[in-house]
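Protein chains: 2
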Amino acid sequence: MLDFQYKNGTKIIFGKGKENEVGVHVKEHTNKVLLHHPGGILEELGVIDRVKKSLDASGVAYVELSGVVPNPRLSLVYKGIEICKKEDIDFVLAVGGGSVIDSAKAIGMGVVYDGDVWDFFSGKAEPKSALKVATVLTIPGSGSEMSESSIISNEELELKSGVDSSVIVPVFSILNPEMCQTLPKSLLAAGVADIMSHLLERYFTPTKGLYLSDYLIEGGMKSIIEVGQKLVENPGDYNLCSEFMWTATVAHNGMIDAGRASDWASHRIEHEISAFYDVTHGAGMAIIFPAWMKYVMSHDVDRFHRMATHVFGLSPEGKDKEALALEGISAMEDFFRSLGLKITLTEAGIPCDRFEEMASKAVGGNGHVGRFKEITKEDIVKILELAK
Amino acid sequence: MLDFQYKNGTKIIFGKGKENEVGVHVKEHTNKVLLHHPGGILEELGVIDRVKKSLDASGVAYVELSGVVPNPRLSLVYKGIEICKKEDIDFVLAVGGGSVIDSAKAIGMGVVYDGDVWDFFSGKAEPKSALKVATVLTIPGSGSEMSESSIISNEELELKSGVDSSVIVPVFSILNPEMCQTLPKSLLAAGVADIMSHLLERYFTPTKGLYLSDYLIEGGMKSIIEVGQKLVENPGDYNLCSEFMWTATVAHNGMIDAGRASDWASHRIEHEISAFYDVTHGAGMAIIFPAWMKYVMSHDVDRFHRMATHVFGLSPEGKDKEALALEGISAMEDFFRSLGLKITLTEAGIPCDRFEEMASKAVGGNGHVGRFKEITKEDIVKILELAK
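The listed protein sequences correspond, in order, to chains A and B.
Each residue of the first sequence is one higher than the one before, starting from 423 at the first, in our numbering.
Each residue of the second sequence is one higher than the one before, starting from 423 at the first, in our numbering.
Honestly, the hints are just simulated from the structure, not real lab data.
Don't take every hint at face value.
Same chains, same names: a pair is fine if it fits in one copy or spans any two.
Claimed, not checked - Here are the simulated DSSO-like pairs of lysine-lysine, each with C-alpha atoms no more than 27 Å apart in a straight line:
| id | residue 1 | residue 2 |
| --- | --- | --- |
| 1 | 449 | 507 |
| 2 | 795 | 474 |
| 3 | 652 | 743 |
| 4 | 630 | 652 |
| 5 | 454 | 799 |
| 6 | 799 | 433 |
| 7 | 438 | 630 |
| 8 | 474 | 429 |
| 9 | 554 | 433 |
| 10 | 433 | 743 |
| 11 | 449 | 554 |
| 12 | 438 | 507 |
| 13 | 449 | 429 |
| 14 | 449 | 433 |
| 15 | 429 | 554 |
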């Protein structure tokens, strides 16, 4: 195990109808919020109205900023910063999925910073503080409701980039599994793939001699495989929605992987696909991860062998190590397919003619990404070829 | 899954020599602490000196209160409360294992309360606030370094009783695995059994339809079985000590069992054994849990069957469900034995002539304990008979 520091003080309020209590929880922190949401379907479903009613009942004022889209845009973040400064707002309430929460976190950092908030995403500066952010989660997957991450798309630069900082961990998050009961199958599937990708990034580690975190991550994977497959068959099942929602949070809040390094190369590659073609992140991960696994497998066959046996329960009898490791990767592909996801770029209708450019942006200034296996721009082009 | 609220803001500082930074972390909160510890071996090993040196270096004043013993006494808690009031201290720094931390938490509650701190343990009152507590952990097992529990022994009443409250969750805990490298095998074994008992209390639940938390708890059990057995063979191994230390924290900080009810009857029974005969808690749990399991197995054979297959990897082929469930319980007994622990009262030299009295105190005013299976005083006497 590696040395580490861990702290995550997000209060999780989990259960049926809990968004109706949001005003009470906000009131513990402030009297006025920026109410940040996507609009559209959440308004139609009455979610936004329920939140407003609760804020009203607790005497919390709000200024609304809707219009967040998947792969949330820097332009809307700037708008949110402007509103908060003008309206003297010190708290951002995000109602939505990972995109809305990430946008809220970026706004929170930008309001208390003198320069351009993109400085944090370009690596030019580190956030020292931020407005408090809280969330009412409506689409699980990103884990942003209890994470220190925010990922924003810069439309002008065609770049998607992230910040990790303890100052943006939400103060509370309301998780009502009923929100998932009306999600379309494609969003459920993308959410499940997103969760699996967060677990896989942590599973593939250069750290040796691990026990607890390996077993916890494997437990998370086994659970989301069972829950994910059942959920796409029974999308309205409340209990499956509960498991789905909470697994997304646990997969990404930093506790199950304390003391180990994780990889994140696949995320960096997928972010470019999302940035170039506006693909749903989870759907992109289901394409990139299998290709990445095939490309790096020889680096540590034992790890892939363990995934095959521990996660998929494949029997090692009569097979050599490589063969079983490859079977494990196939099982992961089958899992993604069973959710209705595409596992190649071509199947998903994603163009394959800008690999060099995407690879360049994915490695950024460092020239390499990944910690399980450090890979370069050339490696990424080969991985994208495998993903064709 | 059940509705739940979860929040745990303890900052974990994990790694070699981290106690030498304790002053810096304390200084973020206060300038003066009650330095609470057992004395004895921790002084001989130089741990207390290192902590004092770090406090001095950060300009943190301290008043010392040593002498905490296993099954920490109410009388010393009273003394700590008196000192804090007299010296105007607003922060308790516990250096030690679960006993010291629990004592520190009790002091913290008592200082800000007008009545007798035992009111919280007898259920007469609920704590509304407490002094901040932080810890330098030296003996893993209790999980108190990141839990909301404190358990105190009232010598006069021959009672051991607990409080659960969010106000006593430590603000930070320093976990240096080197502390475990010098622990005697008996304390390692008791710590491992304590961890296992915390996982078992959570595993045996009346909540149905669980996925993630079942897999996480099973992961914790598989890990501590492997780590525990290797550790008693190689007590000085730093990496095994790391896993041991962190597993103790994760097993009891509330995240892996969010959304499910847990049992705790075995703990209530064991607390009476500790209160009557001053037995090390973990050693007592290794005796009570197997007896409890045998007594309640018929209530939900499937759960025991799952433990046998998922945790111990026992093959169900050619066996009926009950037989395999019993095999799982035997495997758990073998595990405790492999650590060098006794698994009957007689083996451990504990008298067997006050069962009625112990059972009465264990059920307390309610007349029953346990949530997986509600048991009465009469049941407890039978469980103690099975533990003979």
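Checklist entry - Should residue 795 paired with residue 474 be assigned to within, between, both, or neither, using CA atoms and 27 Å as the limit? => result neither (47 Å within a copy, 43 Å between copies)
Next on the checklist: At most 27 Å between alpha carbons: which applies to residue 474 and residue 429, within, between, both or neither?
Outcome noted: Result: close only across copies, 25 Å inter versus 31 Å intra.
Next on the checklist: One pair to classify: residue 449 and residue 433, alpha carbons no more than 27 Å apart. Within, between, both, or neither?
Outcome noted: Both ways: residue 449 and residue 433 sit 14 Å apart in one copy and 25 Å across, limit 27 Å.
Item to check | Within, between, both or neither, where residue 438 and residue 507 count as close if Cα-Cα is 27 Å or less | outcome: For residue 438 and residue 507, the Cα distance exceeds 27 Å both inside one copy (35 Å) and across copies (44 Å).
Item to check | residue 799 and residue 433: within-copy, between-copy, both or neither at 27 Å Cα | outcome: neither (40 Å within a copy, 38 Å between copies)
Checklist entry - When no copy is specified for residue 433 and residue 743, does a C-alpha distance of 27 Å or less occur within a copy, between copies, both, or neither? => result The answer is neither: 44 Å in one copy and 41 Å across copies each exceed 27 Å.
Checklist entry - What label fits residue 429 with residue 554 when the C-alpha limit is 27 Å: within, between, both, or neither? => result The answer is both: 16 Å in one copy and 16 Å across copies each meet 27 Å.
Item to check | Homomeric proximity label, residue 438 with residue 630: Cα distance no greater than 27 Å | outcome: So residue 438 and residue 630 pass the 27 Å test across copies only (17 Å; inside, 41 Å).
Item to check | Same-copy or cross-copy closeness of residue 449 to residue 554 [CA-CA at most 27 Å] | outcome: both (12 Å within a copy, 24 Å between copies)
Next on the checklist: Regarding residue 449 and residue 507, is the shortest C-alpha distance of 27 Å or less found within a copy, between copies, in both, or in neither?
Outcome noted: Answer is within; shortest intra-copy Cα gap is 20 Å, inter-copy 33 Å.
Next on the checklist: At most 27 Å between alpha carbons: which applies to residue 630 and residue 652, within, between, both or neither?
Outcome noted: Intra 34 Å, inter 16 Å, cutoff 27 Å: inter-copy only.
Next on the checklist: I want to check one pair: residue 554 and residue 433. Are their C-alpha atoms no more than 27 Å apart within a copy, between two copies, both, or neither?
Outcome noted: both (13 Å within a copy, 19 Å between copies)
Violated hints, listed in ascending order, are 2, 5, 6, 10 and 12; each of the other numbered hints is respected by the structure.
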